[in-house]
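4 protein chains.
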Amino acid sequence: DRPLTVIAGPCQLESLDHALMIARHMAGVCAKAGAGYVFKASYDKANRTSLTGKRGVGMEAGLKILAAVKDEIGCPVLTDVHTAEQCAQAAEVCDILQIPAFLCRQTDLLLAAGETGAAINVKKGQFLAPWDMANVADKVASTGNSRILLTERGTSFGYNTLVADMRGLPEMMKTGYPVVMDATHSVQQPGGQGGSSGGQREFAPVMARAAVSLGIAAVFIETHEAPDTAPSDGPNMIPLDQMGALIDGLMAFDRLAKADPIRL
Amino acid sequence: DRPLTVIAGPCQLESLDHALMIARHMAGVCAKAGAGYVFKASYDKANRTSLTGKRGVGMEAGLKILAAVKDEIGCPVLTDVHTAEQCAQAAEVCDILQIPAFLCRQTDLLLAAGETGAAINVKKGQFLAPWDMANVADKVASTGNSRILLTERGTSFGYNTLVADMRGLPEMMKTGYPVVMDATHSVQQPGGQGGSSGGQREFAPVMARAAVSLGIAAVFIETHEAPDTAPSDGPNMIPLDQMGALIDGLMAFDRLAKADPIRL
Amino acid sequence: DRPLTVIAGPCQLESLDHALMIARHMAGVCAKAGAGYVFKASYDKANRTSLTGKRGVGMEAGLKILAAVKDEIGCPVLTDVHTAEQCAQAAEVCDILQIPAFLCRQTDLLLAAGETGAAINVKKGQFLAPWDMANVADKVASTGNSRILLTERGTSFGYNTLVADMRGLPEMMKTGYPVVMDATHSVQQPGGQGGSSGGQREFAPVMARAAVSLGIAAVFIETHEAPDTAPSDGPNMIPLDQMGALIDGLMAFDRLAKADPIRL
Amino acid sequence: DRPLTVIAGPCQLESLDHALMIARHMAGVCAKAGAGYVFKASYDKANRTSLTGKRGVGMEAGLKILAAVKDEIGCPVLTDVHTAEQCAQAAEVCDILQIPAFLCRQTDLLLAAGETGAAINVKKGQFLAPWDMANVADKVASTGNSRILLTERGTSFGYNTLVADMRGLPEMMKTGYPVVMDATHSVQQPGGQGGSSGGQREFAPVMARAAVSLGIAAVFIETHEAPDTAPSDGPNMIPLDQMGALIDGLMAFDRLAKADPIRL
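Residue numbers (the working numbering), protein chains in the order written: chain A, 1 to 264; chain B, 1001 to 1264; chain C, 2001 to 2264; chain D, 3001 to 3264.
One chain only, chain A, in its complex shape (with noise of 0.2 Å):
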């Protein structure tokens, strides 16, 4: 029943002073709306559309870029992993360690994340029911570490479109660990745009405020200073501009909720 976190940052890392423009600016916001804060982005996009998608920074720059936020920003820092060999080292940074939603089923990783006794937060496949993370859950913690969330993105709707079950929610919640709403990947329309994914950015505040009014443990929201420039993800990010606001509204959802909560 704590108050709402935001977990925040740019789709993809681009440099250091990127990264810190955008995680003062996100933890100054959540701070006067009396919000949490974790700095959210990634080293590498492992799974783009197609081949010709930026991939990132990498693992080594990106990490050392990550210490530097957690260090001069103070907020903790999330940032997704690919492979099992990876979780270790990722860990020695990042305060949560994120599973991508198309490997949120692959034993190995879910146990290499685990056993680094980092938060996991595990995103739900496009492919999964909202029960079926029980399954996902109990492979990580049956490395012990107890410390898991879990993220609602959307499910496959039809071709090219994912749809976000406002159900799935308290359906996770069921598990006892905090849920997480991904308010602008839960917009995304994979593929979309043939080579790219597209987005629908202007829906992403609906199904913040939606899930939050449900008592959520945190809303995941990616924004970018230039969403259209941006190098991934550009067309589901919320201008940082407009970010304050978005997050001043949530929390007054958010009291609210906490204050009455949903019961299954």
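In case anyone wonders, no lab produced these hints; they're calculated from the structure.
Cβ atoms here follow ideal geometry from the backbone N, Cα and C, with glycine treated the same way.
Among these hints, one or two may not hold up.
What the hints assert, rightly or not - Okay, the calculated bits of chain A under chain D, using three or more residues with CB under 8 Å as the criterion:
{"no.": "1", "segment": "100-107"}
{"no.": "2", "segment": "134-141"}
Unchecked claim - Taking lysine-lysine pairs in the DSSO-like style, the calculated list, with each CA pair at most 27 Å apart, reads:
{"no.": "3", "chain 1": "A", "residue 1": "K54", "chain 2": "A", "residue 2": "K64"}
{"no.": "4", "chain 1": "B", "residue 1": "K1064", "chain 2": "B", "residue 2": "K1045"}
{"no.": "5", "chain 1": "A", "residue 1": "K258", "chain 2": "B", "residue 2": "K1032"}
{"no.": "6", "chain 1": "B", "residue 1": "K1258", "chain 2": "B", "residue 2": "K1032"}
{"no.": "7", "chain 1": "B", "residue 1": "K1258", "chain 2": "A", "residue 2": "K32"}
{"no.": "8", "chain 1": "C", "residue 1": "K2045", "chain 2": "B", "residue 2": "K1045"}
{"no.": "9", "chain 1": "D", "residue 1": "K3032", "chain 2": "D", "residue 2": "K3258"}
{"no.": "10", "chain 1": "C", "residue 1": "K2032", "chain 2": "C", "residue 2": "K2174"}
{"no.": "11", "chain 1": "D", "residue 1": "K3258", "chain 2": "C", "residue 2": "K2258"}
{"no.": "12", "chain 1": "A", "residue 1": "K70", "chain 2": "A", "residue 2": "K45"}
{"no.": "13", "chain 1": "D", "residue 1": "K3054", "chain 2": "D", "residue 2": "K3032"}
{"no.": "14", "chain 1": "A", "residue 1": "K32", "chain 2": "A", "residue 2": "K258"}
{"no.": "15", "chain 1": "C", "residue 1": "K2032", "chain 2": "C", "residue 2": "K2070"}
{"no.": "16", "chain 1": "B", "residue 1": "K1032", "chain 2": "B", "residue 2": "K1054"}
{"no.": "17", "chain 1": "A", "residue 1": "K32", "chain 2": "A", "residue 2": "K70"}
{"no.": "18", "chain 1": "D", "residue 1": "K3258", "chain 2": "C", "residue 2": "K2032"}
{"no.": "19", "chain 1": "C", "residue 1": "K2258", "chain 2": "D", "residue 2": "K3032"}
{"no.": "20", "chain 1": "A", "residue 1": "K258", "chain 2": "B", "residue 2": "K1258"}
{"no.": "21", "chain 1": "B", "residue 1": "K1064", "chain 2": "B", "residue 2": "K1054"}
{"no.": "22", "chain 1": "C", "residue 1": "K2045", "chain 2": "C", "residue 2": "K2070"}
{"no.": "23", "chain 1": "C", "residue 1": "K2054", "chain 2": "C", "residue 2": "K2064"}
{"no.": "24", "chain 1": "D", "residue 1": "K3045", "chain 2": "D", "residue 2": "K3032"}
{"no.": "25", "chain 1": "D", "residue 1": "K3045", "chain 2": "D", "residue 2": "K3070"}
{"no.": "26", "chain 1": "D", "residue 1": "K3045", "chain 2": "A", "residue 2": "K45"}
Given the structure of chain A, go ahead and fit chains B, C and D onto it with the hints provided.
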């Protein structure tokens, strides 16, 4: 930006006493909570899953009950119509005529309903996209009647299951017509019990709250004092004695949502 | 295990000459290929995407054309009915009455159709599972009429798209009634062009062949000499001059399928 | 336009004797029917629904068995790889490396697989449209390896269910690469039994026949002498003693399809 209206009542009319009992309870609950109230009930379930499902009291008897509810409780009443021929007669009693989801593209029915001058609530077909409803509304509006409401009640999602896409609510709001969330039918499991539909009653308050947080005009909720023995839609109706707390809770979210409208 | 029947004709009746031209061509093609033939056309498109879509010649004029086709070409004729009132009159001319997919659960329509004694072809709703059609067929059969056909025409799959699940064909065969594949509507993209439906004509022969290979009783194909200028469903109709080769090809698969039936 | 190839074997390797028994049976069946044959089995089930599912014999032991099958039976062998590191070693034994559906967009895995020079069979993700696979194939082809196969294995369709869209087969054929139908996984019900996946074994021959009638290059079928006691995927595997009749039947449809190719 008026306060939320609650459209509520039993799935089907059972008797005058039963209708009055529910309408009186709901009118009281809504008045106390500051919500508008419309009594809803059907005189004929014209498309039951199987032939053995009870159809209801019929049009003549049903309209008499609805007139009595309107007269005695003083609230507007809504019922659904199934053929063009029924519209004029139903409109003599009812403030709002409702077009069932399966029939939402039947041109003659939409025109006949529109021509009555009553308000027309069209349920979005389980087979339609939210943006398709603009064409549907245009059919009604072509009669010169612009008192139109559009209702989300879930979209086909695999077999025997619906999903309610929150994006559909602001998408339909673009038409300028009031948008309604049908919280109990959107958690229906059509045909899910073989000879009848199943439902997930426990998720109806979830859908209602998520939708109300987006600033919708009205919420539609079927209710019964003993849902498990109701003649239809028992698995998704809300017990009548839980409606007060539910509406109270929703009004807090409604006030917040109306003060901070979603703008696409 | 009789040879495949082809139900084919234009989406809507345009004129007597037009109907005769198509029926004559199709009857010749089917006779040559060893297929049964039923002429299909609608006198009223009662649920167009938008109000501006052409509705057709109307019931009186339409039934006259159908009677003339039946008389002159000597083939059975099929048309779709939209209200209970239309059934008796349509059955005076038509050998098969068709229940549109959106209306496949409207009890009164199914009963009125059944009571005519005509064969009744019910299209499976885009919102139904294949096994749900047993309840639908039971409604018709309750009238004592067991001359029932069940037609697959695609299931809602995300927005503005259908998918035809091949499992549905043998699943519906379990009822014992003849099963029909509607090859042209199952590649429709409902509402896909905003004010009208789109379609993927090129995939209709794909759906037809896959279905025929499973041993279905009949295939339903809309055809037109100039689909791109047809008053409705142009995007998914097959050009008339391609029907001969298509039917010839299908009959080879039909013979193989009938010699080696699928047994669930 | 070569005759159909059958890719068949148990879901997971159990022992050398077991693998040889199945490969010998299938090689005989396919030779008799005039079909090509590739032995398929997994050494590691890396993404089981739950942690308690058996994972398999491991890579070292598995590759030894596969080498022995290849040597003794004389057929090509296929196995699936889960990390970039496994590719080179697996390719020393295997003729075809298979990319699991969940991993079909993992760029490093696709590149590492492609670089081995082995044929690469990529299963289409349950979350992808058929046309998205062109981008996936391009990733493999960027290594200079154009020996690529694309496999349909079903698309997410609501929760715990897949649907196989027949349009996807000719759509993927547009890439010019051979297209495979995975008849047993496309009738899987992912997570459908809570801690493991369910399946509809009885529909696998339905999917196989429909797909073969469209002229695909190969059909993928998991088989076991006692599916109900198999360590994984029992609910959708075909009993080994039914494979002969199934393949015989499919070859008749294959000959017809290859003689009359679908042209989009």
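| Proposed proximity, K3032 (chain D) with K3045 (chain D) (alpha carbon, max 27 Å) | violated (32 Å)
| Taking only the CA atoms, is the gap from K1064 (chain B) to K1054 (chain B) under or equal to 27 Å? | Status holds; Cα separation ~19 Å.
| query | Within 27 Å, alpha carbon to alpha carbon, are K1258 (chain B) and K32 (chain A)? | reply | With a Cα-Cα distance of about 23 Å, the restraint between K1258 (chain B) and K32 (chain A) holds, given a limit of 27 Å.
| field | Hinted pair K32 (chain A) and K70 (chain A), Cα distance within 27 Å | value | Between K32 (chain A) and K70 (chain A) the Cα gap is close to 19 Å, so the pair holds against 27 Å.
| query | CA of K3045 (chain D) to CA of K3070 (chain D), is that 27 Å or under? | reply | holds (21 Å)
| message | Need the status of pair K1064 (chain B), K1045 (chain B): alpha-carbon distance at most 27 Å? | response | holds (17 Å)
| request: Take a quick look at whether K1032 (chain B) and K1054 (chain B) sit within 27 Å of each other, Cα to Cα. | output: violated (34 Å)
| query | Do the alpha carbons of K3045 (chain D) and K45 (chain A) lie within 27 Å of each other, as the hint requires? | reply | holds (25 Å)
| said: Tell me if the straight-line CA distance from K258 (chain A) to K1032 (chain B) falls inside 27 Å. | reply: Holds - the C-alpha atoms of K1032 (chain B) and K258 (chain A) are around 23 Å apart, at most 27 Å.
| Verdict on chain D covering the segment 100-107 of chain A, where coverage means 3 or more residues with a C-beta closer than 8 Å | Coverage by chain D holds here, the residue count being 5 at a Cβ distance below 8 Å.
| task | Compare the distance between the alpha carbons of K2045 (chain C) and K1045 (chain B) with 27 Å, and conclude whether the hinted pair is satisfied. | result | Distance ~25 Å between K2045 (chain C) and K1045 (chain B) Cα, so the pair holds.
| request: For the pair supplied as a hint, K1258 (chain B) and K1032 (chain B), confirm whether the alpha-carbon distance does not exceed 27 Å. | output: It holds: about 19 Å lies between the C-alpha atoms, which stays within 27 Å.
Of the numbered hints given earlier, the model fails hints 10, 13, 16, 24; all others are met.
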